[in-house]
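**Q** Sequence:
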Amino acid sequence: MAKVNGEKARIMLDTGAESSYICTNLITKLKLKPTQREHKTIEQLYGTVNKRVEVYNVTLESITIPEFHIKIECINAEKEILTFLPNPMIKEVKKQFARLRRLKFSNDGEDDEIQPVCIILGAADYQRIKTTEPMVLGKNSDKDSGAELTMFGWTLSGKQMELSSGIEKGFLLNTGRDEFEQMCSLEVLGLSDTNNESMFHQDFSEKLHQTNEGYYETRMPWKKDVVKLPNNRDLAIKRLKSTTNRLEKLNKLEQYNEIMMEQISEGILEKVPEKPTGEIVHYIPHQAVIKKNAESTKMRVVYDCSARKDALSPSLNDCLEVGPSLQPLIFDILI
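Just so it is clear: in the sequence shown, position 317 is 317 by my numbering, and no numbers are missing.
Check before you lean on any hint, since a few could be wrong.
Claimed, not checked - Listed next, the in silico BS3-like pairs over lysine-lysine satisfying Cα-Cα at most 25 Å (straight line):
1. K8 with K241
2. K275 with K130
3. K91 with K71
4. K3 with K104
Stated by the list, open to error - Listed next, with one range per pair, are the computed distances between beta-carbon atoms:
5. T41 with Q210: 30 to 40 Å
6. Q210 with Y126: 52 to 62 Å
7. K79 with I284: 53 to 63 Å
8. R37 with D318: 19 to 29 Å
9. F204 with V289: 27 to 37 Å
Quick caveat, the hints were computed from the structure, so don't treat them as lab data.
Think of the CB as a built atom: it goes at the ideal place given N, C-alpha and C, for glycine as much as any other residue.
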C-alpha cells in the first residue's frame, strides 16, 4: 500500500514489466490528465502489440516512511481495475510465522478478503524503492512466507497461508507472433459454435416460457459433465462478514441494505426457507461495488458466481453453459 497523489492505493511489484501501469478508476478519481501520448511496443500474454498509449505522471508516497516519495510515469492500462488479489491477511501471517511479527507492513489491518490493484510498478521503478536490508525468511524457505523491505514498507513474498477462496494469480509473457495470430483466430478463441453448443442453445430456447407476471423463465443450463457443486455456505458467510465490516467503516451499510430490500420488493430476489428443500443448494457470495464518480448508480450489489470453495472445487459459472458468442456478428459488422 502507498499513497498515490495523496490517495491510498494497492500497488503490485512486477519485476517482469518494463513499464509501470495505472488503472482507469484511479485516473478518474485523481482527475489526472495525460502528460503525453506515444506509440509503444508492449509484450502481452498473446504476443507483441504496437499501440498508442496515454502516459501519466503521479507521485507515490510511503505510508510507513512519510518523508519518502517518488515521481513515476505510468501507462493507462485501459482497465477499471488492473486485477484483484487475495489479501495476505498480515495479522494471521504474523501469528503463524514468528520471524515476521516485528515487521511493519503498509497494509497492516486491512481485512477485505479480495483487494483491488490500482498500480503495477515495473522493474525500473521497483529498483528505486529497493533497500539493502536482507530478506527475512522463514525456517523452511520452501513452505514459509518471507518478507522484503522496500521504501513503502515490508512486502510479503513466497508461499502464503492457504486462502479459502483458492484464488491463484499468474502472469505469462512473451508468446511468439505466430502463436499470437493462431490464438486470435475465431476457432481457437471458441467463438464458433460446436454441434453440442448448438444443441444446447436449441434446448434452452425450447424450455423458455413466460409466466403470468410477464417474466421469462427457463431451467438453469447445467453442463452435462459437471462435477458436484459445493454449497459454499462458509465462503458466503465469510464474504458477508468482510463486506459488512467494510461498509460499516464507510458508513454505507444501511444504503447497501436498502438496495437489497428494494431488489426483494421488485422480485429480483426472494427469501428462501431457513432449511433448504432443494436437491442442489448453493450460496452465492455478494459484495458492494462503489463508484463515487458515477452519475447515477454509485453503489451496486455484485453477486459472485465465480466464487470457489477452494482451488479444486467448481464455481457456479463453471457448472453452467455459456450463451452464444456475439463476437463473430460484431466482426462481420466491422468488416
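**Q** Work down the list of hints and note, for each, if the structure agrees.
**A** Now the hints, each set against the structure:
| no. | hint | in the structure |
| --- | --- | --- |
| 1 | K8 with K241 | 23 Å, holds |
| 2 | K275 with K130 | 55 Å, violated |
| 3 | K91 with K71 | 31 Å, violated |
| 4 | K3 with K104 | 16 Å, holds |
| 5 | T41 with Q210: 30 to 40 Å | 53 Å, violated |
| 6 | Q210 with Y126: 52 to 62 Å | 58 Å, holds |
| 7 | K79 with I284: 53 to 63 Å | 25 Å, violated |
| 8 | R37 with D318: 19 to 29 Å | 40 Å, violated |
| 9 | F204 with V289: 27 to 37 Å | 29 Å, holds |
Violation of the numbered hints given earlier is confined to hints 2, 3, 5, 7 and 8; the remaining hints are satisfied by the structure.
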